[in-house]
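Participant: Based on the hints, put chain B in the right spot on chain A.
What follows is the residue order along each chain.
Number of protein chains: 2
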Amino acid sequence: MGETSKRLLSALVMVVFFLVAFLYAGFYYIDLFFFGGFIIYFGLREFYDFSHREESQAFRGIGYFYSLIIYLVYYFQFMGVQQNIRPPSWVLDISGLFNTSGFSPVIALLVLLVMTSFLLQIIKRPLDGALMSVASTVLATLYIVIPIGHFLLLLGLPYGEYYVFLVCVITIISDAGAYFGGRWFGKNPAGLKVSPKKTWEGYVTGNISAVLCVQLLNYLWITFASDTELPLGLLESILLSIVISFISVIGDLAESGLKRDAKIKDSASIIPGHGGMLDLADALLFTIPSIYYYFKFKEVLGFPV
Amino acid sequence: MGETSKRLLSALVMVVFFLVAFLYAGFYYIDLFFFGGFIIYFGLREFYDFSHREESQAFRGIGYFYSLIIYLVYYFQFMGVQQNIRPPSWVLDISGLFNTSGFSPVIALLVLLVMTSFLLQIIKRPLDGALMSVASTVLATLYIVIPIGHFLLLLGLPYGEYYVFLVCVITIISDAGAYFGGRWFGKNPAGLKVSPKKTWEGYVTGNISAVLCVQLLNYLWITFASDTELPLGLLESILLSIVISFISVIGDLAESGLKRDAKIKDSASIIPGHGGMLDLADALLFTIPSIYYYFKFKEVLGFPV
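These protein sequence lines are chains A and B, in that order. Each residue of the first sequence is one higher than the one before, counting from 3 in the numbering used here. Each residue of the second sequence is one higher than the one before, counting from 3 in the numbering used here.
Don't take every hint at face value.
Any copy will do: because identical chains look the same in the list, a pair fits if it lies in one copy or spans two.
[As the list claims (entries may be wrong)] Below are the DSSO-like pairs computed for lysine-lysine, each with C-alpha atoms no more than 30 Å apart in a straight line:
hint, residue 1, residue 2
1, K267, K8
2, K199, K126
3, K126, K195
4, K189, K126
5, K199, K265
6, K265, K300
7, K195, K8
8, K267, K199
Please keep in mind that the hints were generated in silico from the structure rather than gathered at the bench.
Pulled out of the complex, with its shape left as it was, chain A reads as follows (with noise of 0.2 Å):
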């Protein structure tokens, strides 16, 4: 089986299981928190092996513990606010203490997080490498737990599951429009030297392939879902895209600069035809959070959404 046809045919699995666990809302969301702890553990396995230096080198047991504390609680946070279940009041008196305002416990595990990693460095490694361990161990949990609490809660939105949808059509559409236009089209670089076999000719197919993408599937989502209406408007949604399909971009760049950094080529090889976890994720890591805010804060101004 040819290389493309192995990404297609298990991207394809991978978006049937993910399709099950989004939508499927019986037992609490729970294939969900179980999918989303997946790409959480082989994503900071191998963010880990990428900060491995000679002198230094992430907390790695610290870093799951608390990693899986704040997936808790985003998972917590969602329980509170999803319209589809009615979660045992438990899960809802912890939600409540979670949505209090002014208290993000997120945060008090960050400092947290910094403050045990700083003991464990003076501890068991009191002399070199301390900055570049800590601060690999902080970075991993913010740059994959974040984003993917950020999905729980993105879900969670009174029109989640169409900003589900609407930013994995944008980051994958981008991510496979680039693919197929560099290969058909492609001919000026991009001059970039973290990636410098990407094209111009791929980002704009990319780019634009997104954006038509969006209106598909609004098409499809007014035709076919539940929902009448869109909270977003044409050219909302047509400017949306653009900008989300950008930093989709610079999500896969980032991810590829640290395995420049790390001289490593691929993340790992746990899916076939993409590689690591890292290597497909890379890039919802930096949509998801972007859009989230993008919605939420037109909700905190008194837009609907």
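Facilitator: Below, chain B alone, put in the same frame as chain A:
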């Protein structure tokens, strides 16, 4: 003038400045805002110097920029919760946006900081040191700005002024007690490679001094301050003093670890007898958020704070 008297004298000057800044509420605590901003600016500058390596360097401009915005968010949150002055309505409007439940502008800004740092890395320094450059930019803000922001939140709690005295007394007395205890009784090294001269006798003296001085503070507060009651009992105040004193030691050692890693002796020499801003503030960066979340968590659980 000897090193000790220099140290004591400049500490005295700073304490006076500090008392004016946080007890004088006029002009919307603008003096306190600048006092905190001053600490943040010099703290970041020293941290960025620590992170300078052959291949990597923090993104200073973007680090200062996001740090300022995050600090402003804390300032507006503080304006919304403190009870001493009545800010203009537009300030309360902004504060209301930031205090919406489930919306944390600080997390949004941290995510943006990660994304912007990666973007700069790709454009300006595509090849080496990506992880260290991005991670140290992000850690600088988490390590310095978030704690100083929490100082404002702590002051904004109902018993805020007492809490500020409490955390300062524990942190300063722990440090001073360890310094003099080490000089007077120091015999057995604590065996910490990061700070080989520190002794057990010093640490124990610091811890006991902190516990005793908190009881003195409580006595003075009940006798002379306007409140006649304290929001915490005797046993609670003793246990809290011991734990926070221990955390202040970790904060002190964490900064020593950063200096040792960077092969620097003093973080800078802007404060006579103390060295740099981080040499002075290191312990507070850990104790302020710890004590804030202790009381905030009590409040969320329904206890009076």
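Participant: Determine for every hint whether it applies to the structure shown.
Facilitator: Structure-based check of each hint:
1. In this homomeric assembly, K267 and K8 come within 30 Å of each other (Cα to Cα) only inside a single copy, at 18 Å, whereas the closest approach across copies is 55 Å.
2. With identical chains, the CA atoms of K199 and K126 are at most 30 Å apart between copies only, with a shortest distance of 18 Å across copies and 42 Å within one.
3. Within a single copy, K126 and K195 get their C-alpha atoms only as close as 37 Å, which misses the 30 Å cut-off; across copies the closest is 10 Å, which meets it.
4. Taking the shortest alpha-carbon separations for K189 and K126, only the inter-copy value of 24 Å comes in at or below 30 Å, while the best intra-copy value is 52 Å.
5. Taking the closest pair of Cα atoms, K199 and K265 come within 30 Å of each other only inside a single copy of the chain (17 Å); across copies the shortest separation is 40 Å, beyond that limit.
6. Taking the shortest Cα distances, K265 and K300 never come within 30 Å of each other, neither inside one copy (41 Å) nor across copies (47 Å).
7. Taking CA atoms no more than 30 Å apart as the test, K195 paired with K8 passes inside one copy only; the shortest distance there is 28 Å, against 52 Å between copies.
8. Taking the shortest alpha-carbon separations for K267 and K199, only the intra-copy value of 14 Å comes in at or below 30 Å, while the best inter-copy value is 45 Å.
Consistency with the previously given hints fails for number 6 only.
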